[in-house]
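> Assemble the whole structure, with the sequences as input and the hints as a guide.
Residue numbers (my numbering), protein chains in the order written: chain A, 1 to 375; chain B, 376 to 638.
Keep in mind the hints are simulated off the structure, nothing from the lab.
Treat the hints with caution; some may be incorrect.
To be verified - Simulated DEER-style distance windows between Cβ atoms:
1) Gly189(A) x Phe542(B): 46 to 52 Å
2) Leu45(A) x Asp458(B): 21 to 27 Å
3) Ile490(B) x Leu358(A): 39 to 45 Å
4) Ile490(B) x Phe205(A): 44 to 50 Å
5) Ile117(A) x Pro447(B): 35 to 41 Å
6) Leu45(A) x Ile490(B): 36 to 42 Å
7) Gly186(A) x Pro447(B): 57 to 63 Å
8) Ile142(A) x Ile490(B): 38 to 44 Å
9) Gly189(A) x Asp458(B): 47 to 53 Å
10) Asn515(B) x Tyr131(A): 56 to 62 Å
Said to hold, decoys possible - Mimicking DSBU-like on lysine-lysine, the simulated pairs with C-alpha atoms at most 35 Å apart in a straight line are:
11) Lys500(B) x Lys388(B)
12) Lys239(A) x Lys488(B)
13) Lys388(B) x Lys239(A)
14) Lys239(A) x Lys489(B)
15) Lys435(B) x Lys135(A)
16) Lys388(B) x Lys135(A)
Every residue, glycine too, gets a C-beta built ideally from N, C-alpha and C.
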Amino acid sequence: MTDASKTDAPDTDERVKEMSSFRRSLIRPELGGMVGTIAVFVFFLLFAFDSGMFNSQGVMNWSIVSAQFMIIAVGACLLMIAGEFDLSVGSMIGFAGMMIAVFGVVLGWPMWITIIITFAICIAIGAVNGYIVVKTGLPSFIVTLAFLFILRGFTIYIPQTLENKTIIGGIRDAAEGDWLGAIFGGKIGGGLFEMLGNAGVIATFERGSRMGEPVVDGIPMMIIWAIALIVFGHVLLTKTRFGNWIFAAGGDSEAARNSGVPVNRVKILMFMFTAFCATVFATCQVMEFGSAGADRGLLKEFEAIIAVVIGGALLTGGYGSVLGAALGALIFGVVQQGLFFAGVESSLFRVFLGLILLGAVILNTYIRRMITGER
Amino acid sequence: MADQSKTPIIQMKNIEKHFGAVIALAGVSLDVFPGECHCLLGDNGAGKSTFIKTMSGVHKPTKGEIIFEGRPMDFETPRDAMDAGIATVHQHLAMIPLMSVARNFFMGNEPVKKIAGINFLDQTKADQVTMDEMRKMGINLRGPDQAVGTLSGGERQTVAISRAVYFGAKVLILDEPTSALGVRQTSNVLATVDKVRKQGVAVVFITHNVRHAMAVGDRFTVLNRGQTLGTAVRGEISPDELQDMMAGGQEMATLEGSLGGTV
Ligand SMILES: Nc1ncnc2c1ncn2[C@@H]1O[C@H](COP(=O)(O)OP(=O)(O)OP(=O)(O)O)[C@@H](O)[C@H]1O
Ligand SMILES: [Mg+2]
Numbered sequence: 001m002t003d004a005s006k007t008d009a010p011d012t013d014e015r016v017k018e019m020s021s022f023r024r025s026l027i028r029p030e031l032g033g034m035v036g037t038i039a040v041f042v043f044f045l046l047f048a049f050d051s052g053m054f055n056s057q058g059v060m061n062w063s064i065v066s067a068q069f070m071i072i073a074v075g076a077c078l079l080m081i082a083g084e085f086d087l088s089v090g091s092m093i094g095f096a097g098m099m100i101a102v103f104g105v106v107l108g109w110p111m112w113i114t115i116i117i118t119f120a121i122c123i124a125i126g127a128v129n130g131y132i133v134v135k136t137g138l139p140s141f142i143v144t145l146a147f148l149f150i151l152r153g154f155t156i157y158i159p160q161t162l163e164n165k166t167i168i169g170g171i172r173d174a175a176e177g178d179w180l181g182a183i184f185g186g187k188i189g190g191g192l193f194e195m196l197g198n199a200g201v202i203a204t205f206e207r208g209s210r211m212g213e214p215v216v217d218g219i220p221m222m223i224i225w226a227i228a229l230i231v232f233g234h235v236l237l238t239k240t241r242f243g244n245w246i247f248a249a250g251g252d253s254e255a256a257r258n259s260g261v262p263v264n265r266v267k268i269l270m271f272m273f274t275a276f277c278a279t280v281f282a283t284c285q286v287m288e289f290g291s292a293g294a295d296r297g298l299l300k301e302f303e304a305i306i307a308v309v310i311g312g313a314l315l316t317g318g319y320g321s322v323l324g325a326a327l328g329a330l331i332f333g334v335v336q337q338g339l340f341f342a343g344v345e346s347s348l349f350r351v352f353l354g355l356i357l358l359g360a361v362i363l364n365t366y367i368r369r370m371i372t373g374e375r
Numbered sequence: 376m377a378d379q380s381k382t383p384i385i386q387m388k389n390i391e392k393h394f395g396a397v398i399a400l401a402g403v404s405l406d407v408f409p410g411e412c413h414c415l416l417g418d419n420g421a422g423k424s425t426f427i428k429t430m431s432g433v434h435k436p437t438k439g440e441i442i443f444e445g446r447p448m449d450f451e452t453p454r455d456a457m458d459a460g461i462a463t464v465h466q467h468l469a470m471i472p473l474m475s476v477a478r479n480f481f482m483g484n485e486p487v488k489k490i491a492g493i494n495f496l497d498q499t500k501a502d503q504v505t506m507d508e509m510r511k512m513g514i515n516l517r518g519p520d521q522a523v524g525t526l527s528g529g530e531r532q533t534v535a536i537s538r539a540v541y542f543g544a545k546v547l548i549l550d551e552p553t554s555a556l557g558v559r560q561t562s563n564v565l566a567t568v569d570k571v572r573k574q575g576v577a578v579v580f581i582t583h584n585v586r587h588a589m590a591v592g593d594r595f596t597v598l599n600r601g602q603t604l605g606t607a608v609r610g611e612i613s614p615d616e617l618q619d620m621m622a623g624g625q626e627m628a629t630l631e632g633s634l635g636g637t638v
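Below, the structure written as structure tokens:
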């Protein structure tokens with residue numbers, strides 16, 4: 001028995017190579033996203049520094065676009081880690097916006113009731129998505145693809161039957177002075193920006209009716225929502241027992257179930273959370289635009305999934321990071337707006353995105369192999 | 376040794392399990408006493424895994440009764456069985472390769488600590504306990520955050536067993552825990568079985584290996600094609616007889632002759 005110890009389980013760690021703590025701290029799911037973010041910023045600082053991309057207005061511009069991506073990426077990320085996809089996110093965005101227009105403008109309900117009911121409907125649809133996936137065992141890819149069409153269909157059909165048009169405006173007026181509307185459509189920190197403007201830290205308008213006001217007059221709620229959702233998602237995933245269940249459900253649902261993890265509940269809740277994120281996106285968007293359009297949110301599901309994958313998550317579930325997904329969304333937003341600032345032909349955006357996606361995914365695969373000992 | 380005067384902690388009565396047209400179990404009865412190691416033997420496809428899955432809440436029996444601590448039980452989910460005190464180490468491991476050892480160890484039983492009224496994962500405790508328990512089993516981890524995917528098959532098995540033991544099961548079910556293990560880890564597992572049995576835990580131990588069964592078993596039940604061939608008590612049966620029973624008697628003796636006694 002004593003001899004066997006040499007081959008079976010060494011008493012010392014002689015088989016484990018020492019890894020420097022620096023190297024260990026680098027080996028994490030977010031590494032691809034971090035490298036990508038740095039690369040993208042270096043690139044634009046070098047080639048588009050004078051374009052206005054890095055003054056207060058420019059920063060606000062790509063921050064808002066990135067925040068939009070982040071909101072849906074957080075939902076898609078947790079769902080992907082739980083082992084599922086939601087391809088109906090884009091249609092859900094269009095649908096939720098249209099519901100707000102229908103209830104708030106066409107039917108004239110108070111905005112706060114409109115928003116609450118819209119959230120309830122959309123989260124319920126998310127639950128239905130999840131319930132069907134969990135009960136039938138069908139791939140979520142197929143089930144949510146069906147909802148991609150169903151929801152988009154309704155989003156076009158409803159305003160056409162009610163109003164004979166596919167865009168319904170007047171949402172900003174309907175939301176005027178509404179407390180819940182302000183949580184999605186307002187801006188905060190106006191006073192601070194006025195101070196910064198007066199102090200000359202940020203530029204002020206030099207002409208026109210808003211002369212003297214700072215060019216950036218507050219932080220849009222879209223950005224606040226993005227930050228709040230990222231913090232929530234990250235804490236939920238890494239610091240709670242529910243987070244462990246999310247990993248377990250996506251890693252191996254059978255093993256998780258045998259260990260007492262309520263896999264079905266976890267998955268359905270994640271579908272509901274994804275729907276919640278899509279509805280937050282839609283509500284912020286209609287408050288900003290003042291209108292709901294039948295084509296809103298097109299292709300958003302793919303953009304969310306791309307951001308999540310750039311952020312280091314595994315398409316097959318069980319592995320990933322909310323912070324990584326947020327970085328993926330940031331890369332997405334900065335590249336999209338940066339190319340615009342740099343005056344690059346907009347069609348090249350896709351080329352850039354493709355290259356970043358490929359680079360990040362290759363790097364992520366390599367990191368993951370190192371962490372998990374996959375062969 | 377099991378104290379037969381006590382009442383069994385779990386009684387399985389005439390358990391049947393059908394999968395569509397397949398009758399995996401055709402009325403199997405078995406009882407386990409606290410502090411007893413009850414070995415379940417049988418050939419591939421005999422229904423051993425299916426049987427213990429009805430015990431651990433994975434499958435609902437088609438027919439039959441489960442009596443746990445004197446009360447009839449109707450487990451809907453593995454969680455129910457676990458909450459009652461039945462822990463199972465499944466043959467196809469209940470381990471998730473992409474997750475860390477600590478996260479796997481506490482999967483479904485995560486320790487929590489309250490911060491500002493909210494339950495957070497107690498990672499420090501999880502890491503500490505995992506490292507300690509693994510060291511006791513003779514496995515040196517690089518760290519509690521090491522992914523299970525980097526462990527060998529035997530090491531994973533050991534994590535699963537020590538997890539079940541750590542969570543204080545009253546009934547511990549081990550489905551072929553030694554089949555993938557090396558010499559030292561096997562003796563570790565057998566020693567662990569002996570240890571938990573002495574603590575009064577009822578152990579159900581599935582194996583193909585008669586030597587492993589003989590080393591720790593108090594009673595031996597042999598399954599064959601979904602039925603029991605009977606239960607034998609330690610000391611009343613020889614390893615050879617047990618081996619023969621498993622293989623269905625005569626054929627094995629002939630086979631053994633032709634293989635020169637290597638089986
Ligand atoms: N989920 C299932 N659906 C259909 N048939 C099943 C299912 N699970 C098991 N069976 C069948 O039940 C029978 C018993 O299988 P089981 O896994 O219980 O055998 P076992 O005794 O554990 O074998 P081994 O020693 O190989 O692990 C087999 O014929 C198997 O094909
Ligand atoms: Mg089996």
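> Each hint needs a verdict: does it hold in this structure or not?
Quick rundown of the hints versus the structure:
1. Gly189(A) x Phe542(B): 46 to 52 Å: This hint holds: roughly 49 Å between Cβ atoms.
2. Leu45(A) x Asp458(B): 21 to 27 Å: Since the Cβ atoms of Leu45(A) and Asp458(B) sit about 57 Å apart, the hinted range of 21 to 27 Å is violated.
3. Ile490(B) x Leu358(A): 39 to 45 Å: holds, 41 Å
4. Ile490(B) x Phe205(A): 44 to 50 Å: Because 46 Å falls inside the window, the suggested range holds.
5. Ile117(A) x Pro447(B): 35 to 41 Å: violated, 47 Å
6. Leu45(A) x Ile490(B): 36 to 42 Å: Between Leu45(A) and Ile490(B), where Cβ atoms are some 40 Å apart, the hint holds.
7. Gly186(A) x Pro447(B): 57 to 63 Å: holds, 60 Å
8. Ile142(A) x Ile490(B): 38 to 44 Å: The hint (38 to 44 Å, Cβ to Cβ) holds, given that Ile142(A) and Ile490(B) are roughly 41 Å apart.
9. Gly189(A) x Asp458(B): 47 to 53 Å: Since the Cβ atoms of Gly189(A) and Asp458(B) sit about 49 Å apart, the hinted range of 47 to 53 Å holds.
10. Asn515(B) x Tyr131(A): 56 to 62 Å: Given about 45 Å between the Cβ atoms, the range is violated.
11. Lys500(B) x Lys388(B): violated, 41 Å
12. Lys239(A) x Lys488(B): Holds: Lys239(A) and Lys488(B) sit about 10 Å apart, inside 35 Å.
13. Lys388(B) x Lys239(A): violated, 44 Å
14. Lys239(A) x Lys489(B): holds, 12 Å
15. Lys435(B) x Lys135(A): holds, 17 Å
16. Lys388(B) x Lys135(A): Status holds; Cα separation ~31 Å.
Taken one by one, the earlier hints fail for this structure at numbers 2, 5, 10, 11 and 13, listed in ascending order.
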